[in-house]
Every structure is written in structure tokens, then in C-alpha cells.
Amino acid sequence: MGFWSDFIYFFSFQDTNINNVLIGTSVLGFTCGIVSVLVVLSKKALIVDAISHAVLPGICIGFMFTGVKNPIYLSIGGMAAGAAAVYLVDWISRISRIKKDASIAISLSVLFSFGVILLNIIQHSGNSNQSGLTDFLFGKAATIIESDLYLFLAVFTLVILILTVFYQHLKIALFDAGFAKTIGLSERLSQGLISGLVIISTAVGIQTVGIILMSALLISPASAALFWTNNFKKAILISGSFATLSSVLGVFISFLSADMPTGPWIIVVLSGFALFSAFFSKKGIITKKLRAKMDDSYNLSEKEN
Amino acid sequence: MFDFWIILTACIIAINSSLLGSFLVLRKMSLIGDALSHSVLPGIVIAFLISGEINSFWMLIGASVFGVFAILIIDWLNRFGGFGKDSAIGIIYTLLFAIGIILITSIAKNSDIDVDCVLFGDINTVPLLPKILAIPVPTFNLFIIAVVVILTLLLGLKGFKISTFDKNHAQTLGVSITFWNYLLLGLASVSTVFSFDSVGAIMVIGLIVIPPSFANIITRKLSLFLIISVSFAVSSCILGHCIATYLDIPTVPTIGFLMGLILILTLIFQTFNKNLQQHS
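Chains as they are written, first to last, in my numbering: chain A, 1 to 305; chain B, 1 to 280.
Everything labelled a hint here was simulated from the structure, so no lab data went into it. For clarity, every value in this text was computed on a predicted model and none was experimentally measured. Quick reminder that beta carbons are idealized off the backbone N, C-alpha and C, glycines included. Everything hinted at is true.
Below, simulated BS3-like cross-link-like pairs (lysine-lysine); rule was C-alpha separation at most 25 Å, straight line: (1) A:234 <-> A:283; (2) A:99 <-> B:28; (3) A:282 <-> A:43; (4) A:99 <-> B:167; (5) A:99 <-> A:44; (6) A:100 <-> B:167; (7) B:221 <-> A:100; (8) B:28 <-> A:100; (9) A:283 <-> A:171; (10) B:161 <-> A:100; (11) A:99 <-> B:274; (12) A:43 <-> B:85; (13) A:99 <-> B:85; (14) B:161 <-> A:99; (15) A:289 <-> B:85; (16) A:282 <-> B:85; (17) B:85 <-> A:234; (18) A:44 <-> A:171; (19) A:100 <-> B:85; (20) A:43 <-> B:28; (21) A:234 <-> A:171; (22) A:233 <-> B:85; (23) A:171 <-> B:85; (24) A:234 <-> A:43; (25) A:44 <-> A:181; (26) B:85 <-> A:288; (27) A:100 <-> B:274; (28) B:167 <-> B:28; (29) A:171 <-> A:43; (30) A:44 <-> B:28; (31) A:283 <-> B:85; (32) B:28 <-> B:158; (33) B:221 <-> A:99; (34) A:44 <-> B:85.
Short derived list, chain A residues pointing at chain B, Cβ under 7 Å: (35) 40; (36) 46; (37) 102; (38) 105; (39) 106; (40) 109.
Based on the sequences and whatever the hints tell you, model everything.
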């Protein structure tokens with residue numbers, strides 16, 4: 001099969017398995033793209049890293065309690081562990097001299113190490129259900145099935161719902177913290193909401209790109225989008241679209257060649273969008289330089305006249 | 001003898017990482033450790049593809065350039081590209097790590113590098129590897145790096161100290177902050193690359209950040225800081241390996257978990273003590 005026949009086969013949506021993967025990754029991509037805007041604007045980019053690594057022990061504990069690989073139980077375990085990570089980072093930097101960045105790195109490596117130990121214990125426990133648990137490390141987009149989609153859609157709806165209900169609150173808190181304080185908006189509520197949304201989307205999102213690369217899915221889309229607009233609503237839509245588009249392209253690339261992993265390709269495409277935006281958007285480096293040059297030559301020609 | 005090589009390798013890695021980590025943590029650059037440990041992956045894979053073996057000394061030195069390169073890009077994007085520092089780190093290290101994983105699963109798929117050992121390392125195979133002067137190759141390489149790191153730190157202690165604690169004073173004296181900064185980052189990058197196939201990406205972060213943070217809550221004197229940091233790391237490695245062998249769980253994550261557990265328990269104890277003092 002040549003490239004174009006592959007292309008047509010892929011985008012004519014005739015293969016149910018491919019459709020499941022495509023819908024799954026797109027929905028998750030869009031969800032993470034939306035949350036990403038909150039993450040980048042509230043400068044929480046690196047706590048995402050601690051949360052995503054912490055999800056591993058959560059998933060393991062979820063599996064140990066239930067003995068089955070039901071995505072709902074695993075996600076609940078992951079969310080609980082993510083919340084624990086947020087608390088740990090906060091606690092360490094609050095009660096000691098240790099800086100926030102160090103406490104992020106500490107929490108990340110401790111919780112991940114704990115996860116790896118649990119994973120090892122599960123692997124040696126003889127439970128035949130356990131195979132595939134390691135897939136969470138680098139994502140398992142290719143194995144998304146129809147029943148997973150309901151969970152993804154539920155999370156998507158939940159995120160949209162929270163965002164709509166608290167839209168004004170979040171917008172004011174993110175763009176004008178001083179004003180938010182003056183009119184008495186609770187900072188704890190907005191911080192809690194953002195952390196909550198990050199935890200929910202991380203616990204589910206790791207199914208496509210995996211634990212290690214998850215933070216990119218929550219940082220890159222909004223970083224790219226914010227180069228194109230300053231409007232909150234537009235940023236959310238652009239960010240979601242970037243993430244969805246990257247997911248589709250990532251799945252397509254791994255469909256073209258069996259050796260190509262889906263998750264890492266999604267991230268490479270997504271980072272490509274972010275870097276492209278940094279260079280060529282309205283606010284981009286190269287655009288600015290070009291404009292400065294054009295202004296210069298304009299001024300020169302004016303002087304000559 | 002088998003356990004001896006494992007513990008020795010872990011200890012040398014612990015010494016390198018905790019010494020360099022001390023200065024990184026004091027400079028509030030902890031997350032550079034995070035960025036480095038992930039970004040060097042493509043460098044290592046490319047070095048492997050060219051030389052065909054995972055422990056070739058000069059190839060790994062070449063791979064270290066990748067770490068410094070990543071940090072330069074992060075710095076550049078942060079300063080001129082309009083990214084926040086957090087976002088720049090988050091985008092670049094995941095991109096490089098993703099490229100590394102793609103290389104491993106596609107071009108290098110028939111090799112000994114596998115995706116799992118990228119994260120956890122493979123320290124238990126160290127004693128089985130070929131030997132130089134009766135020392136396993138990774139241990140031998142790490143030993144050379146340790147000598148370089150310790151000598152550089154001893155000779156340049158003044159420079160590192162002054163550029164870490166008092167930047168204004170350093171500038172007045174004409175000490176180049178950039179020079180010491182990149183010397184530190186270069187050493188950290190080399191040490192990370194050489195530690196990578198033994199302990200994996202996540203553990204390198206742990207060894208860079210946790211021992212210095214432990215020292216940080218105990219003391220404020222630099223010499224004591226370095227001593228506590230190194231001895232904490234080394235004793236955690238020895239104890240961690242013993243616990244791991246006893247419980248039959250993997251060594252590397254046990255060390256990481258143990259270090260974190262001690263740190264967290266110390267913090268709880270300290271707060272408890274403080275509360276007690278306040279009440280009496």
C-alpha cells in the first residue's frame with residue numbers, strides 16, 4: 001500500500017479499531033488542551049510533572065485492590081495519588097526551607113519509585129491480569145477500545161461542565177489576581193479547581209501518551225495557543241484544536257509504520273506546533289524581526305525622500 | 001562480589017549526583033536535573049547507534065553535549081522566545097525524550113537498549129558486563145567521572161561558592177558567573193549520561209535533588225552541607241540495596257523511595273519538635 005491509499009483508508013473511517021483510537025485520543029487531546037490553558041496561565045507547568053509521575057503508584061494500588069484492569073478503578077487510584085502529590089509538594093515547600101522546584105522533583109522521584117516497586121510486586125504476584133500495566137508508562141493509545149471511550153467522554157463532559165460553571169471566576173483569577181482579591185474571590189477555590197482539573201485530566205490522559213510525556217500534553221498546547229491570542233476563550237479553543245490535531249497526526253504516523261509509537265509522536269508534533277508558534281506567530285521571534293527590518297527600511301526610504 | 005559491584009556503582013553515582021546536585025539545588029536549579037535526565041536520551045541512543053555499544057566512553061562524552069544543548073535551548077526560549085521558564089523546560093525535555101523513545105522503538109529496536117531500562121536502569125547487570133582492570137566498564141567510567149567531578153569541585157570551590165551565593169560580589173571581583181554556570185551544567189550533564197544506563201532517568205533526578213534537600217533542612221554551612229549530602233546519598237544506596245535484596249524488589253527504586261521516606265520523616269519530626277517547643 002502506498003502513502004495515499006493508507007491516507008484514504010485512515011481518514012475514510014472504515015476501520016472500527018482505528019476509529020476508536022482516533023476518537024479516544026482526540027477527545028483526550030481536546031480535554032488536555034483545554035486544561036492546558038489553565039496550567040500555563042497559572043504557571044503550574046512543572047507541578048504537572050509531579051502529578052503525572054505520581055499517578056503510577058495510584059494505578060498500581062487501584063489494581064491491587066480490585067485485581068482487574070478496569071480503567072475506572074485505575075483512574076480513581078491515579079487521581080487520589082495525583083492529589084497526594086499536589087499536597088506533598090505544597091507541604092514540603094511550606095514547612096521547610098526546601099524550594100518549590102526542589103519539592104516538585106522530590107515528590108516526583110519518590111512517588112514514581114514507589115510506583116515502580118509496586119509494579120514489580122504486582123508483576124511477581126502471579127495475577128495474569130497484570131500484563132499491560134507497564135503500558136501506562138509510555139501510553140497505550142493503540143489498545144483503546146470502545147468501552148474506554150465512555151470514560152473519556154465522561155471526563156471531557158466533567159471538564160467542560162466545571163469550566164462553564166466557574167468560567168468567570170477562573171478568568172478573573174488567572175488574568176487579574178489583584179482584582180480577584182479585591183472583589184473577594186476565593187483564591188483557594190480557583191487554585192483547587194485548577195489542580196483538580198489537572199489531576200482528572202492527567203489520570204485519564206496518560207492512556208494516550210503515557211506518564212513520562214503527559215506533562216507535554218498539559219503544557220505545549222496552551223504555550224502554542226497563547227502565541228496566537230490573548231483572549232481566554234479563543235486560547236482554550238486554539239489550544240484544544242492543537243492538541244486534537246497532534247493526536248490525530250500522531251495516530252496516523254504510527255498507523256503508517258508499525259515501528260512508530262503513538263504517544264511520543266503526538267508529543268513531537270505538539271512540540272512542533274509550539275515551536276512553530278514561537279517563531280512564526282504574530283508575537284513570534286522571526287515575525288518580530290522581519291517586522292523590525294521592514295520598519296527600518298520604511299524609515300530609511302522615508303528619510304531619503 | 002556480585003553485590004559489591006552493584007553497591008559500589010550506586011555509591012559512585014550517588015557521590016557524583018549529590019555533589020553536583022548540591023550546587024544545583026543551592027542555585028535553585030533543581031528542575032535542571034529533571035530536564036537533563038530526560039533530555040540526554042536521544043544523545044545516548046545516537047551514541048549507541050554510532051558506536052554499537054552502550055558504554056563507549058567517548059561516545060557518552062559526546063552524548064553529554066545533548067544535555068548542555070537542551071539547557072541552552074531552554075534558556076534561549078525562556079529569554080527570547082516568550083515562554084515561561086517552566087513551560088520552556090516542560091516542552092523541550094518532553095520533546096527530546098519523545099525523540100529518544102521513537103529512536104529506540106524504531107531504528108535501534110534490535111539493540112540492548114530497551115524502553116523500560118531507560119526509566120529504571122539496569123544496575124543488577126553491572127557485575128556481568130565486560131571488565132577493564134577487573135572493574136566492570138560502567139563502574140570504571142563512573143569512577144573516572146567521579147575523580148574529575150571531585151577535583152573540579154575542590155579546585156574551583158571558591159568560584160562555585162561565590163557564583164552561587166553572591167552574584168553581585170562575584171561580578172565586582174570579575175568572576176565570570178556564566179563560566180561557572182556552564183562548568184557545573186557540563187559536569188552535571190556528563191554525570192547524568194554516565195549514570196543513565198545504570199539507574200535510569202527518574203533515579204538521577206532523585207539523587208540530584210533529595211540528598212541536597214536533606215542537607216538543606218539540617219545545615220546552612222556549605223562544607224557540612226556537602227558532607228551531609230554525600231553521606232546521606234551513599235548510606236541510602238547501601239541500605240537501599242540491602243533492603244531490596246532482602247525483600248526481593250528492584251534496587252534502584254528502593255533507593256529512591258528510601259531517600260524520600262527519610263527526608264519526609266525528618267520533616268515530620270522537625271515540625272513535631274517545633275510545635276512541641278512552641279507549646280512548652
